[in-house]
Amino acid sequence: DAGVIQSPRHEVTEMGQEVTLRCKPISGHDYLFWYRQTMMRGLELLIYFNNNVPIDDSGMPEDRFSAKMPNASFSTLKIQPSEPRDSAVYFCASSTGQSRNRVKLFFGSGTQLSVL
Amino acid sequence: QKEVEQNSGPLSVPEGAIASLNCTYSDRGSQSFFWYRQYSGKSPELIMFIYSNGDKEDGRFTAQLNKASQYVSLLIRDSQPSDSATYLCAVNKGTSGSRLTFGEGTQLTVNP
Numbered sequence: 001d002a003g004v005i006q007s008p009r010h011e012v013t014e015m016g017q018e019v020t021l022r023c024k025p026i027s028g029h030d031y032l033f034w035y036r037q038t039m040m041r042g043l044e045l046l047i048y049f050n051n052n053v054p055i056d057d058s059g060m061p062e063d064r065f066s067a068k069m070p071n072a073s074f075s076t077l078k079i080q081p082s083e084p085r086d087s088a089v090y091f092c093a094s095s096t097g098q099s100r101n102r103v104k105l106f107f108g109s110g111t112q113l114s115v116l
Numbered sequence: 001q002k003e004v005e006q007n008s009g010p011l012s013v014p015e016g017a018i019a020s021l022n023c024t025y026s027d028r029g030s031q032s033f034f035w036y037r038q039y040s041g042k043s044p045e046l047i048m049f050i051y052s053n054g055d056k057e058d059g060r061f062t063a064q065l066n067k068a069s070q071y072v073s074l075l076i077r078d079s080q081p082s083d084s085a086t087y088l089c090a091v092n093k094g095t096s097g098s099r100l101t102f103g104e105g106t107q108l109t110v111n112p
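Quick mapping for you: the protein sequence lines, in order, are chains D and U. Going by our numbering, the first sequence opens with residue 1, and the numbers climb by one from there. Going by our numbering, the second sequence opens with residue 1, and the numbers climb by one from there.
In case anyone wonders, no lab produced these hints; they're calculated from the structure. These figures come from a predicted structure and were not determined experimentally. Check before you lean on any hint, since a few could be wrong.
Computed spacing ranges between beta-carbons, pair by pair [said to hold, decoys possible]:
{"hint": "1", "chain 1": "D", "residue 1": "M40", "chain 2": "U", "residue 2": "S20", "range": "24 to 34 Å"}
{"hint": "2", "chain 1": "D", "residue 1": "P54", "chain 2": "U", "residue 2": "P81", "range": "35 to 45 Å"}
{"hint": "3", "chain 1": "D", "residue 1": "E44", "chain 2": "U", "residue 2": "P10", "range": "14 to 24 Å"}
Think of the CB as a built atom: it goes at the ideal place given N, C-alpha and C, for glycine as much as any other residue.
Required output: the full structure, derived from the provided sequences and hints.
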């Protein structure tokens, strides 16, 4: 299996621009998570989906952030408009299984976002 | 109080020594505990998980859980330079669905 695939690996954009991050979970995994990692705040959960349905979006920082999962093999995280404080590494992770196994996460390589 | 706290380090040990990494959590209802390893510039990788009080061993790694004291630890025996990484402690409350809360990580350096 190719693992969780994220694109792009690096994104540099200017403040105010729209940014779209993409993720393909491991085939057969029914949970998908979006995390953000910064030096100041560490690894934070933004949102997660189960069977393509958003379950918990309480970590989404504000309305500028939105996430979708149109099918089992694809998810996007969009920031519009982007701001310099959004600069971070954004990780997508997936998992499967019942109970405790659903939080055994497999992470993608991440997208390093820089907003100038 | 942070939900999950780790000594930020950095922690430096000589090759062959035991590295001890500690983590405390605030919610007594927490049920599942995980250790992830993250090399610089890479993504986190699950290395250990523990659900019950006591010790769990996997090769050179031992996870220890004490729910009464609300702490989790990771011991790395016979530390190798390849163990140099940031170790993230993560906790799932069980009642919070699939939300996994991470500590800020402890940076470990193993010196040859």
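Against the structure, the hints:
1. M40(D) <-> S20(U): 24 to 34 Å: holds (26 Å)
2. P54(D) <-> P81(U): 35 to 45 Å: holds (42 Å)
3. E44(D) <-> P10(U): 14 to 24 Å: holds (22 Å)
Comparing the model with each earlier hint shows no violations; every hint is respected.
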